Amino acid sequence: MLKKRIIPIILLDGFSVLKTINFKQRRNLGSPITVVRTYNTRNVDELILLDIDASKQNRPIDKFTIQDIAQECFMPLTVGGGIRTIDDIRDLLSKGADKITINTHAIEKPSFISEATNTFGSQCIVVSVDVMEDGDEKYSVFSKGKVVDGLSFFDWIVKVEKMGAGELLINNVSRDGSMSGANIGLAKKISALVSIPVIYAGGISGPKNAALVAMTNVSAVGISSIFHFTDATPKDCRLAFKKLGIPVR
Amino acid sequence: MLKIIDLQVGNIGSVINAIKHLGVDYELIKKPEQLAGSTKIILPGVGSFKAVSDKFYASGFVEALNEHVLTLGVPVLGICVGMQLLANEGVEGGVSKGLGYIDATVKRINDFGGSLTIPHVGWNNVSSKGLSLFNGIENNSCFYFVHSYSMEIHNQQGLNIAFTDYGKDVVAYVRKGHIHGTQFHPEKSQSVGLQFLRNFIEAC
Numbered sequence: 001m002l003k004k005r006i007i008p009i010i011l012l013d014g015f016s017v018l019k020t021i022n023f024k025q026r027r028n029l030g031s032p033i034t035v036v037r038t039y040n041t042r043n044v045d046e047l048i049l050l051d052i053d054a055s056k057q058n059r060p061i062d063k064f065t066i067q068d069i070a071q072e073c074f075m076p077l078t079v080g081g082g083i084r085t086i087d088d089i090r091d092l093l094s095k096g097a098d099k100i101t102i103n104t105h106a107i108e109k110p111s112f113i114s115e116a117t118n119t120f121g122s123q124c125i126v127v128s129v130d131v132m133e134d135g136d137e138k139y140s141v142f143s144k145g146k147v148v149d150g151l152s153f154f155d156w157i158v159k160v161e162k163m164g165a166g167e168l169l170i171n172n173v174s175r176d177g178s179m180s181g182a183n184i185g186l187a188k189k190i191s192a193l194v195s196i197p198v199i200y201a202g203g204i205s206g207p208k209n210a211a212l213v214a215m216t217n218v219s220a221v222g223i224s225s226i227f228h229f230t231d232a233t234p235k236d237c238r239l240a241f242k243k244l245g246i247p248v249r
Numbered sequence: 001m002l003k004i005i006d007l008q009v010g011n012i013g014s015v016i017n018a019i020k021h022l023g024v025d026y027e028l029i030k031k032p033e034q035l036a037g038s039t040k041i042i043l044p045g046v047g048s049f050k051a052v053s054d055k056f057y058a059s060g061f062v063e064a065l066n067e068h069v070l071t072l073g074v075p076v077l078g079i080c081v082g083m084q085l086l087a088n089e090g091v092e093g094g095v096s097k098g099l100g101y102i103d104a105t106v107k108r109i110n111d112f113g114g115s116l117t118i119p120h121v122g123w124n125n126v127s128s129k130g131l132s133l134f135n136g137i138e139n140n141s142c143f144y145f146v147h148s149y150s151m152e153i154h155n156q157q158g159l160n161i162a163f164t165d166y167g168k169d170v171v172a173y174v175r176k177g178h179i180h181g182t183q184f185h186p187e188k189s190q191s192v193g194l195q196f197l198r199n200f201i202e203a204c
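Chains as they are written, first to last, in this note's numbering: chain A, 1 to 249; chain B, 1 to 204.
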């Protein structure tokens, strides 16, 4: 039986690992290699590495960092940040990335999603969407530090699926870094709307809360803060999943 | 020498990293004539069946592989689309020809009216009892899959098959003598995956 995945998300500022709160305040957490090694010994299901400054600085995520990581990490590696061309993708795949995340450029040029999936197969392309909640179950797409005007969040994720994306990575900006609990209703709604795998992240408060997200139709839960700042480990999450009868490795 | 075929469409980096980690000498080859002198062949593949098939036929790799695998009996391991290519044909991106080593067709995984998430991404159990390439690996261990198409075998005679359960039995591994294929990615399946690759390189 297919297992629900627990995926640590590692954010980079080009060089170091960091953690944000609401995509704004930052804390530096040191070298990516050290962080990856820790997760590697914990046999996590997969890793997502995102360079959150790459788009702003008009460059793709550093391929040599990815190369270093891939040499000692024999698990699926999803990589993103500043991806704008087919060559960017090819470069990162050749260095050992398995899946590529596209976010900003997908919004600027949606046809890039199909261009990428036609070249590398949809299983290789993860489209990442940052969502902002403004109360009353209203949701907007968030990009480059602000809400994107005229783009409905739910319309956008349906379009992303239609364009051929293999997976959808959702990051809830409003709860990012808050450890205040995930928006389970939103996870439910998204995973009912699309039929590609959904990785849901943003605001998870602990292993139990992660398990509640996994009870919806999402395929994976993306976790960052509780692994960095609390005692919670991927193993604790696995145990919490098991308790609720969720298939886990 | 172990030769790894690089069709320049897939995540060749991951396979290379795993082989390097095992400390095995290998040669990455881009031209069919470089198959000369091979003792083992790995055919990795990520991408659409048609893209890989077209590249394979256009490059002359098909004839070279037929000679080494079918005539000289060099063991081959196809991974993911590399495994699918062992079939007669695939339908992804339009019908295109495979190598025809395994009597099978590669079709889209049935989503049973939308109740199944496609692609099949993640860790799933493989029932591998008694299969020699899984020596040292517990039966029903989890391997990493990422695919939307799978191999439908027409005739199981003379084949060893391991299945994974995704809506129904999905072929996870197939063997016909010295010809092996895995739908899962051993290079991404942590310790069990590395053990599987070690078994291929050492045992057969």
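Source of the hints: derived by calculation from the structure; they are not laboratory data. Here the structure is a predicted model, which means the values were calculated and not measured. Glycine residues also receive a C-beta, built at the ideal position from the N, C-alpha and C atoms. Accuracy of the hints is not assured; some may be wrong.
[Said to hold, decoys possible] Subject to a maximum C-alpha distance of 30 angstroms in a straight line, what follows is the list of computed DSS-like cross-link-like pairs (lysine-lysine):
no. : chain 1 : residue 1 : chain 2 : residue 2
1   : B       : 31        : A       : 189
2   : A       : 3         : B       : 107
3   : B       : 107       : A       : 63
4   : A       : 235       : B       : 55
5   : B       : 168       : A       : 63
6   : A       : 3         : B       : 30
7   : B       : 129       : A       : 63
8   : B       : 30        : A       : 63
[As the list claims (entries may be wrong)] Simulated DEER-style distance windows between Cβ atoms:
no. : chain 1 : residue 1 : chain 2 : residue 2 : range
9   : A       : 57        : B       : 130       : 29 to 37 angstroms
10  : B       : 135       : A       : 134       : 53 to 61 angstroms
11  : B       : 59        : A       : 208       : 35 to 43 angstroms
12  : A       : 21        : B       : 103       : 54 to 62 angstroms
13  : B       : 116       : A       : 144       : 31 to 39 angstroms
14  : B       : 72        : A       : 192       : 39 to 47 angstroms
15  : B       : 132       : A       : 244       : 52 to 60 angstroms
16  : A       : 43        : B       : 103       : 35 to 43 angstroms
17  : B       : 135       : A       : 152       : 47 to 55 angstroms
18  : B       : 169       : A       : 27        : 46 to 54 angstroms
19  : B       : 27        : A       : 22        : 32 to 40 angstroms
20  : A       : 27        : B       : 155       : 24 to 32 angstroms
[Claimed, not checked] Partial chain A-side listing against chain B, Cβ under 10 angstroms, derived:
no. : residue
21  : 95
22  : 114
23  : 117
Evaluation of the provided hints:
1. B/31 <-> A/189: violated (49 angstroms)
2. A/3 <-> B/107: With Cα atoms ~23 angstroms apart, residue 3 of chain A and residue 107 of chain B stay inside 30 angstroms; holds.
3. B/107 <-> A/63: Violated. Residue 107 of chain B to residue 63 of chain A sits at ~34 angstroms, over the 30 angstroms cutoff.
4. A/235 <-> B/55: violated (43 angstroms)
5. B/168 <-> A/63: This hinted pair is violated, its Cα atoms lying about 39 angstroms apart.
6. A/3 <-> B/30: violated (36 angstroms)
7. B/129 <-> A/63: violated (40 angstroms)
8. B/30 <-> A/63: Holds, at roughly 23 angstroms.
9. A/57 <-> B/130: 29 to 37 angstroms: Violated: the Cβ-Cβ distance is about 54 angstroms, outside 29 to 37 angstroms.
10. B/135 <-> A/134: 53 to 61 angstroms: Since residue 135 of chain B and residue 134 of chain A have Cβ atoms about 57 angstroms apart, the given range 53 to 61 angstroms holds.
11. B/59 <-> A/208: 35 to 43 angstroms: Distance hint for residue 59 of chain B, residue 208 of chain A is violated at roughly 53 angstroms.
12. A/21 <-> B/103: 54 to 62 angstroms: holds (57 angstroms)
13. B/116 <-> A/144: 31 to 39 angstroms: This hint holds: roughly 36 angstroms between Cβ atoms.
14. B/72 <-> A/192: 39 to 47 angstroms: Given a distance of about 53 angstroms, which is not inside 39 to 47 angstroms, the answer is violated.
15. B/132 <-> A/244: 52 to 60 angstroms: violated (38 angstroms)
16. A/43 <-> B/103: 35 to 43 angstroms: holds (37 angstroms)
17. B/135 <-> A/152: 47 to 55 angstroms: holds (54 angstroms)
18. B/169 <-> A/27: 46 to 54 angstroms: holds (48 angstroms)
19. B/27 <-> A/22: 32 to 40 angstroms: violated (50 angstroms)
20. A/27 <-> B/155: 24 to 32 angstroms: violated (59 angstroms)
21. 95: holds (5 angstroms)
22. 114: violated (12 angstroms)
23. 117: Interface hint status for residue 117 of chain A: holds (9 angstroms vs cutoff 10 angstroms).
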